[in-house]
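> Spelled out from the first residue to the last, the chains are:
There are 2 protein chains.
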Amino acid sequence: MADATRERIKEYAREIGYIYNRRAASLRTSRSGIVGVVVHDIMNPFFAEILRSIESELDRSRQTFLLSNHYDQLEKQRTFIDTLLQLGADGVIMSPAIGTPAQDIRLIEDNGLPVVLIARSVEGAKVPVFRGDDAYGTSLSTNHLISLGHTRIAMVGGTDQTSTGRDRYQGYVNAMEKAGLEIRPHWRFPGPRTKQAGFEVAGAFLALQDKPTAAVCWNDLVAIGLMNGIARAGLVPGVDISVTGYDDLEEAAIATPALTTVWNGQREVGRRAARVLLDRLNGAEVNRSQQLIKPELHVRQSTGKPKER
Amino acid sequence: MADATRERIKEYAREIGYIYNRRAASLRTSRSGIVGVVVHDIMNPFFAEILRSIESELDRSRQTFLLSNHYDQLEKQRTFIDTLLQLGADGVIMSPAIGTPAQDIRLIEDNGLPVVLIARSVEGAKVPVFRGDDAYGTSLSTNHLISLGHTRIAMVGGTDQTSTGRDRYQGYVNAMEKAGLEIRPHWRFPGPRTKQAGFEVAGAFLALQDKPTAAVCWNDLVAIGLMNGIARAGLVPGVDISVTGYDDLEEAAIATPALTTVWNGQREVGRRAARVLLDRLNGAEVNRSQQLIKPELHVRQSTGKPKER
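Just so you know, the protein sequences line up as chains G and S, in that order.
The numbering of the first sequence is the UniProt record's numbering, which starts it at 1 and goes up by one.
The numbering of the second sequence is the UniProt record's numbering, which starts it at 1 and goes up by one.
Hints were generated in silico from the structure; no laboratory data involved.
All of these numbers come straight from a predicted model, not from anything done at the bench.
Among the hints, erroneous ones may be present.
[Unchecked claim] Residues from chain S that face chain G, not an exhaustive set, calculated with beta carbons under 10 angstroms:
#, residue
1, 52
2, 61
3, 65
4, 206
5, 224
6, 225
7, 229
8, 231
9, 232
10, 253
Glycine included, C-beta positions come from ideal geometry on N, C-alpha and C.
Work out the full structure: start from the sequences and follow the hints.
Spelled out as structure tokens, the structure:
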């Protein structure tokens, strides 16, 4: 076809509502340069730290990074995925919303959008997953409290609706049972995942008749909120009540008292998820199984020997 | 033109790399449904609260919300804007990167992408701006400390490179001068904007010979970090040293001690910015000037009478 004809067609195509599309045009040479990331809540510092490392990895490959929250609503997650598909995005990294069926992941991949999961897995989905070994993590913090002499240990926060929630609770249960300690149902405070919620649970926690001397918290936010609530009640966290967190956020080390917590490898999760997605985009075969990052216990001032009251 | 011809052209257009574009096709009927939001750092809770209210406003109009950080790098900001233009986005809400020239804002608008600014203004840009009245805000916290009897008051954090930074410092200076109090250059600790940085400045702050008895902090993060640093040094924030924050983040009320701070109208800024952008998309004429949200002082336990040392 003559160049003049080609140009005339291009011009007409523009007029009737077609624009040049980076991806379609670049199928033979390169990519659209857009990667989507969707998580429960970008503003949660746990995701923030994962996202920072995803971003720095993608930056180096000059990929643009579009973010969205799904707030655990499948509908919002699907809308964002639809947008990515229409934009011709190259791939998506997601922490799947509660209740995401494997079918959803399969559909995204069938539409040509490679998926990598972070933080949570989806039963039956055949895509790479990067997350911390949550059961191992809470067993570390629970065992630490047991070794200090605690026998009445509560678990504060989290939900059974996610793989993370189930695994963290299981790690606590495993450690308690292995040590022959009793697990009382009302020592579990399910739900809290934020500072505010941790703060609000302090009243009920301190009012228990068979007072626990320590709390294994779902994450650092809940732990810091609970410590603030304990301090507000006139007690000293780390002395009167031992508290452990999970994630080792930047602020764990500067909290009052400095928080004993489980480092959860956020940066490692983000870095590896981004690397594997880039590898997939470059046509490499990747390991499509779940890869668990091994957590570590960071002992600080919020845990000590139990104080008899 | 015959339908058959039109179809043949469409097909050819697709083959050579043109795809149907929602926006171009929908100019006569509707919009692409995509709004971009770019800020310094999404993970900063100050922006998080603005973003939540933008998001809930856009959700109601079924707009999809794409986020990006510019980390005060003009290059990153421009790349995101280019992506939005190529995607056919409807508009953009931005907290402009330090040094954004009015020319950049004009170019975005000339390309058909309406702009609304939040948190920071750009000298010479003719677009709606929503931000708090920062000078008034720090004069509130400084006057509160003066009324408690403090005369040696430091200012911790912030930068002169943004309109916000200049205004907050000016509010502190105005209040000090009006009360006839001395402003010593080394009582200003420019820079810190995070908890970690506030925590790290505590050492230098407490080592001053002519010790200030109070600190007006750039934001709540710096104030909470500074309080943690003061507590780590064995002093009691709110008793030995009074501290004020700025923003009234959710966690200000649950901090130890509860933080006296300036409510900055984040939710109001986000809600109004989103409303005005939607109005513009609907073709309404809007006010293109800067609109200042009036801040309020929220007094809690981190401020008290000065303790002579």
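> Confirm or reject each hint.
Consistency of the hints with the structure:
Contact between residue 52 of chain S and chain G, as hinted, is supported at the beta carbon level, the nearest pair being about 7 angstroms apart and thus within 10 angstroms. Restraint check, residue 61 of chain S versus chain G: the minimum CB separation of about 13 angstroms is more than 10 angstroms; hint violated. Given the 10 angstroms rule on beta carbons, the hint for residue 65 of chain S holds: about 6 angstroms separates it from the nearest Cβ of chain G. For residue 206 of chain S, the shortest C-beta to C-beta distance to chain G is roughly 15 angstroms, which exceeds 10 angstroms, and the interface hint is violated.
This hint holds: residue 224 of chain S has a C-beta 8 angstroms from the nearest C-beta of chain G, less than the 10 angstroms allowed. The criterion of a C-beta within 10 angstroms of any C-beta in chain G is met by residue 225 of chain S, whose closest approach is roughly 6 angstroms, and the hint holds. The restraint placing residue 229 of chain S at the interface with chain G holds, with a minimum CB-CB distance near 8 angstroms, inside the 10 angstroms limit. At its closest, the beta carbon of residue 231 of chain S sits 5 angstroms from a beta carbon of chain G; the interface hint therefore holds under the 10 angstroms criterion.
The closest approach between the C-beta of residue 232 of chain S and any C-beta of chain G is roughly 7 angstroms, which is under the 10 angstroms cut-off, so the hint is satisfied. Nearest Cβ of chain G to the Cβ of residue 253 of chain S: about 9 angstroms, under the 10 angstroms cut. The hint holds.
Consistency note: the structure conflicts with the earlier hints numbered 2, 4.
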